[in-house]
Amino acid sequence: MSRLSFLLMIAVMASALYLVRTQYESRSLTTEIDRATSLARNLETENDRLDVERRAQATPLRVEKLAREQLHMRTITPAITQYATVSGAAASAPAEIRP
Amino acid sequence: MSSRSVQYTSSPLLASKTPIWRSQFIVAVIAAGFLGLVARAAYVQVIDNAFFKRQGTVRFVRTLDLPANRGRILDRHGNILASSVPVPSIWANPEDIERDPAKLKALAKLLAMSSADLDKKLQDEDKTFVWLKRQVDESVAKDIAALKIKGVYDRKEYKRIYPEGESVAHVVGFTNVENLGQEGVELTFNKALGGKAGSRRVIKDRLGRVVEDIGEMVPPVDGEDLQLSIDSKVQYFAYEKIKESVVTNKAVAGSVVVLDVKTGEVLALVNYPSYSPGKRGNLSGAQLRNRALTDTFEPGSTMKPLVVGLALEKGIVKPETLIQTAPGKLQMGTATITDAHPHGVLSVNEVIQKSSNVGTVKIALQMQPHDMWEMFTQVGLGQKPQVPFPGAVAGKVRAYKTWRPIEQATMSYGYGLSASLFQLAQAYTVFAHDGEMVPMSLVKTNQAVASGARVLSVQNATAIRNMLHMVTIQGGTAPKAQTMGYSVGGKTGTAHKVEGKGYASKKYRGFFVGIAPIDNPRIVVAVMVDEPTNGAYFGGDVAAPVFSQTVQQTLRMMGVQPDMAVKPQVMTKVEKESF
Numbered sequence: 001m002s003r004l005s006f007l008l009m010i011a012v013m014a015s016a017l018y019l020v021r022t023q024y025e026s027r028s029l030t031t032e033i034d035r036a037t038s039l040a041r042n043l044e045t046e047n048d049r050l051d052v053e054r055r056a057q058a059t060p061l062r063v064e065k066l067a068r069e070q071l072h073m074r075t076i077t078p079a080i081t082q083y084a085t086v087s088g089a090a091a092s093a094p095a096e097i098r099p
Numbered sequence: 001m002s003s004r005s006v007q008y009t010s011s012p013l014l015a016s017k018t019p020i021w022r023s024q025f026i027v028a029v030i031a032a033g034f035l036g037l038v039a040r041a042a043y044v045q046v047i048d049n050a051f052f053k054r055q056g057t058v059r060f061v062r063t064l065d066l067p068a069n070r071g072r073i074l075d076r077h078g079n080i081l082a083s084s085v086p087v088p089s090i091w092a093n094p095e096d097i098e099r100d101p102a103k104l105k106a107l108a109k110l111l112a113m114s115s116a117d118l119d120k121k122l123q124d125e126d127k128t129f130v131w132l133k134r135q136v137d138e139s140v141a142k143d144i145a146a147l148k149i150k151g152v153y154d155r156k157e158y159k160r161i162y163p164e165g166e167s168v169a170h171v172v173g174f175t176n177v178e179n180l181g182q183e184g185v186e187l188t189f190n191k192a193l194g195g196k197a198g199s200r201r202v203i204k205d206r207l208g209r210v211v212e213d214i215g216e217m218v219p220p221v222d223g224e225d226l227q228l229s230i231d232s233k234v235q236y237f238a239y240e241k242i243k244e245s246v247v248t249n250k251a252v253a254g255s256v257v258v259l260d261v262k263t264g265e266v267l268a269l270v271n272y273p274s275y276s277p278g279k280r281g282n283l284s285g286a287q288l289r290n291r292a293l294t295d296t297f298e299p300g301s302t303m304k305p306l307v308v309g310l311a312l313e314k315g316i317v318k319p320e321t322l323i324q325t326a327p328g329k330l331q332m333g334t335a336t337i338t339d340a341h342p343h344g345v346l347s348v349n350e351v352i353q354k355s356s357n358v359g360t361v362k363i364a365l366q367m368q369p370h371d372m373w374e375m376f377t378q379v380g381l382g383q384k385p386q387v388p389f390p391g392a393v394a395g396k397v398r399a400y401k402t403w404r405p406i407e408q409a410t411m412s413y414g415y416g417l418s419a420s421l422f423q424l425a426q427a428y429t430v431f432a433h434d435g436e437m438v439p440m441s442l443v444k445t446n447q448a449v450a451s452g453a454r455v456l457s458v459q460n461a462t463a464i465r466n467m468l469h470m471v472t473i474q475g476g477t478a479p480k481a482q483t484m485g486y487s488v489g490g491k492t493g494t495a496h497k498v499e500g501k502g503y504a505s506k507k508y509r510g511f512f513v514g515i516a517p518i519d520n521p522r523i524v525v526a527v528m529v530d531e532p533t534n535g536a537y538f539g540g541d542v543a544a545p546v547f548s549q550t551v552q553q554t555l556r557m558m559g560v561q562p563d564m565a566v567k568p569q570v571m572t573k574v575e576k577e578s579f
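So the sequences go chain by chain: Y and W. With our numbering, the residue at position 85 of the first sequence is 85, and numbering never jumps. With our numbering, the residue at position 455 of the second sequence is 455, and numbering never jumps.
Because the hints were derived from the structure by calculation, they are not lab data. Mixed in with the good hints there might be a few duds.
What the hints assert, rightly or not - Cross-link-like lysine-lysine pairs, in silico, DSS-like; alpha carbons within 27 Å at most: (1) W:K127 <-> W:K156; (2) W:K279 <-> Y:K65; (3) W:K384 <-> Y:K65; (4) W:K354 <-> W:K384; (5) W:K501 <-> W:K480; (6) W:K103 <-> W:K120; (7) W:K53 <-> W:K250; (8) W:K250 <-> W:K204; (9) Y:K65 <-> W:K120.
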């Protein structure tokens, strides 16, 4: 009887120690997850920030300025545009300006 | 020697001199102590358990706020018009700040404030939190961190960035430092954009790391992205053109509205002067005003096509019906209605083309006030536009029962009622959309063609478009509205500005509302130039050129093929492709 009690006590002790260990592991994993989540969030906001920055570099104002000043381009008009029609047979016909 | 055994227990030497009750007393006290402990244990664990649990929780459980991202505002092609990015904000704890004068001076300099102002903020030593400056640049925050002042910290906050700047300022609006919409779409759609913050209960360890989640997490609901119908290129172009016109005509302000007539979407809505939504120091009311929606004026001659449209619909006249407008004057009681030049006999087409007041009045007086009022109301005059904008006004159209004949007459050529530029543009969609009044939208609709309530028959809408086209050709009032490659039509308007109780003698407002291409309309463009003072002030001179350029670029960007012959200036030779 006393031997059984002793065995059970050992089992209880082992289980308790194991529980503590599991708890510890679970906590350190939670910390890891938390760190990863906040990293993901930071990357996401960084992505948003870069998106905005990219857009700021490509606003019509800037594009037009660069096109005019550096590339010496000019505003397009119908007079210097070729219009191509892309429907059926017309698709293979040469582009022409409608009368 | 005989030994006398002495019993240890009864040794008189060892016999206690203290009475027995004292040891019993000690035992009783210890027992009472244990009982006290048991009672305390019972109290802590059973009776007042909730209190102690709560106290424990307070010491290691933290509720973390999970902020929701504010939604972005996009244009119709998905370009970002407004987005939130995290930026540092500087705060201090006055209770334990290190008061080193040299360091504080450097800090004040970095924060762009005077040392006195900084001292004032840090004065109250009972406080444990005070903002020094919110939303500073990343580099400034780094410099401040490098100063290593104890008690000065930074914290990430979201700041709204508006990459397009001035051109879309009035449409998009802005948010305040708390990320709440204050103007424009930011204000109107504040709720949807804002989202809902979530929260999470966690246990933190000694180092401040999250080690365990407790209970359910409430996830944050990010604000929805809002896609507007605005085309940022059209918007930019219109802004540049109106700015140019306001500057060359030495005007006070100007506005342009571009509508897609097929879908009822607003492609551009610009005002000048404008402001940069990201930098809002020293803003004036003049810059902030979204004039296209908040300023009303008497629409003048731009009303004539509506009146004539109604007359066609009621069968009172036909486009070819002749009307005597000589001698260019019409007496009504004590009032005289005059034309700028006497024209003689004009067809209804020409009444619009030459913008004859007398001709229009003669047509209008054959109609019932009720019918005119109904027409005005159907095209949206006197009512707030459906586009959800803070401060949008309804304009004024008085109840028809109160109209006197002279008022009915003046209203037919646009005096005695008021409308905003947006309302005028909206009213002209009725001609452009073959007589139907499509609902306007500031949000992208994704539908190819919208339909609406019918106001005019297709035939009559086409007839009016033809008249509007005549305005822009030889003999009309606005040949400057013509644009290369595309047929256009529209109506000029020039109104004396109202000042106090009467009209200001030398202050005008020139405007133009037009449609293009005229046979298969795609856009309505309305332009207004306020108080031009550089000589020209007629709508045909100050507003029509802006219309012309805006139409040209907008249609090109929409991929609309020119419907008029253009003398090609293409240098390259096109080779015939083989089949």
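How the hints compare with the structure:
1. W:K127 <-> W:K156: holds (21 Å)
2. W:K279 <-> Y:K65: holds (22 Å)
3. W:K384 <-> Y:K65: violated (38 Å)
4. W:K354 <-> W:K384: violated (31 Å)
5. W:K501 <-> W:K480: violated (34 Å)
6. W:K103 <-> W:K120: Distance of about 16 Å is within 27 Å: holds.
7. W:K53 <-> W:K250: violated (74 Å)
8. W:K250 <-> W:K204: violated (65 Å)
9. Y:K65 <-> W:K120: Not OK: Y:K65 and W:K120 at ~46 Å, beyond 27 Å, violated.
In this structure, the hints that do not hold are numbers 3, 4, 5, 7, 8 and 9, in rising order.
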